[in-house]
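Heads up: the protein sequence lines correspond to chains A and B, in order.
Going left to right, the first sequence walks through residues 1 to 201 as my numbering numbers them.
Going left to right, the second sequence walks through residues 1 to 201 as my numbering numbers them.
No lab work stands behind these hints: they were computed from the structure.
All of these numbers come straight from a predicted model, not from anything done at the bench.
Treat the hints with caution; some may be incorrect.
Where chains are identical, the list cannot tell them apart; a pair therefore holds if satisfied intra-copy or between any two copies.
[Unchecked claim] Below, a list of computed lysine-lysine pairs in the DSS-like style, where the Cα atoms sit at most 27 Å apart: (1) Lys169 to Lys17; (2) Lys2 to Lys169; (3) Lys169 to Lys3; (4) Lys187 to Lys22; (5) Lys50 to Lys84; (6) Lys146 to Lys185; (7) Lys2 to Lys185; (8) Lys22 to Lys2; (9) Lys185 to Lys84; (10) Lys84 to Lys146; (11) Lys17 to Lys146; (12) Lys50 to Lys131; (13) Lys50 to Lys146; (14) Lys17 to Lys187; (15) Lys146 to Lys2; (16) Lys169 to Lys185; (17) Lys110 to Lys185; (18) Lys2 to Lys187; (19) Lys50 to Lys169.
2 protein chains.
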Amino acid sequence: MKKGILLVVSAPSAGGKGTILKELFQQNETLRMSVSATTRQPRPGEVDGKDYYFVSRETFQQWVDTGSMLEHAEYVGNCYGTPKAPVEEWLNQGLDVVLEIDVQGGSQIKNLAPDCVSVFITPPTMEVLEKRLRDRGTEDEETICKRLATARQELTFAEGYDYIVINDKLEDAVEDMQAILRSEKRKSARNPGFIQRVLNI
Amino acid sequence: MKKGILLVVSAPSAGGKGTILKELFQQNETLRMSVSATTRQPRPGEVDGKDYYFVSRETFQQWVDTGSMLEHAEYVGNCYGTPKAPVEEWLNQGLDVVLEIDVQGGSQIKNLAPDCVSVFITPPTMEVLEKRLRDRGTEDEETICKRLATARQELTFAEGYDYIVINDKLEDAVEDMQAILRSEKRKSARNPGFIQRVLNI
Chain A
1 MKKGILLVVS
11 APSAGGKGTI
21 LKELFQQNET
31 LRMSVSATTR
41 QPRPGEVDGK
51 DYYFVSRETF
61 QQWVDTGSML
71 EHAEYVGNCY
81 GTPKAPVEEW
91 LNQGLDVVLE
101 IDVQGGSQIK
111 NLAPDCVSVF
121 ITPPTMEVLE
131 KRLRDRGTED
141 EETICKRLAT
151 ARQELTFAEG
161 YDYIVINDKL
171 EDAVEDMQAI
181 LRSEKRKSAR
191 NPGFIQRVLN
201 I
Chain B
1 MKKGILLVVS
11 APSAGGKGTI
21 LKELFQQNET
31 LRMSVSATTR
41 QPRPGEVDGK
51 DYYFVSRETF
61 QQWVDTGSML
71 EHAEYVGNCY
81 GTPKAPVEEW
91 LNQGLDVVLE
101 IDVQGGSQIK
111 NLAPDCVSVF
121 ITPPTMEVLE
131 KRLRDRGTED
141 EETICKRLAT
151 ARQELTFAEG
161 YDYIVINDKL
171 EDAVEDMQAI
181 LRSEKRKSAR
191 NPGFIQRVLN
201 I
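The following block holds chain A by itself, in its conformation from the complex:
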């Protein structure tokens, strides 16, 4: 069984990552979304093991200490992280796994899972990002300015990713993601022993 691909995906806030991934999942039956562990309390309707693994701070710290986390971070007083075991299990079953992660987490992953594929999704221009934020009409001026400042800062991490996908037209961005998954499977480095099998030696 050929191992699946671990696809690490980051984007600045309002970068349109959610829409692209939703479409990608609809087109790929062999794609799985990694589930994070967190120490925060479940919100109404959230399901343990589906939305998050809800764990105590002690359990979380133990997983970190024993190297059982792919990456982890603290955010407004709660811990978030990616348990390694379920991801590895899917990959070993030949399933591809998407790991949505912020840009800081992205840099940790590459050290722990060097054969992962990292994709940064970017708006075509800052003007487009600003327009998208304003068109939503859900945030006040101050929040929009803060989000834009954060996005500018996050964008500077993009070149550390393997691929940069431009979220201009949705269908183009999704096709880019599909092409990345498909071509990565054809990399010779991901097919050790393949030629030996063709030669039957």
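Given the coordinates of chain A, assemble chain B onto it according to the supplied hints.
Below, chain B alone, put in the same frame as chain A:
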């Protein structure tokens, strides 16, 4: 203008490279086929600059000496090689260029054009290759055996290529090639300065 991609394609004899490339060219208007230079005489119907650049041995040697060839080799008394200038011109126009080449030439190219993308097309198994050769019914037993022996030897070079595409179903192999071209364009290493432009700095 973003530079095009130099796609180096090799396959063992009877590997089905021709059929795959023909289909790939039909689907890609921005794809060009690199034209080789040769010192052999033109055959009836062959057009200079289209089928080959037909040149004298002196001219050929001069191109080699001045570093104007991407790769070159001698084959049954005639010289064959890939002039660099027309390939570079297409790439600078943003066009992608296919370079069909034998496995020995393939290893030279990577040294001279490190940003090229190399693809090895392989039959799924040696049995399939043998069946294809026999089904053509154009070669005698001795020739078939020779071709199979050559193919086995050529296959050992496959893992030095960036990608291995299996020629099992034609449409899958063509889609693999398309995915490779598409995803390579999204590599961050091929998009220097892109994020600066998004940020407008």
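| task | Kindly indicate which numbered hints from before are broken by the structure, ordering the numbers from low to high. | result | Numbers 6, 10, 12, 13, 15, 19, in rising order.
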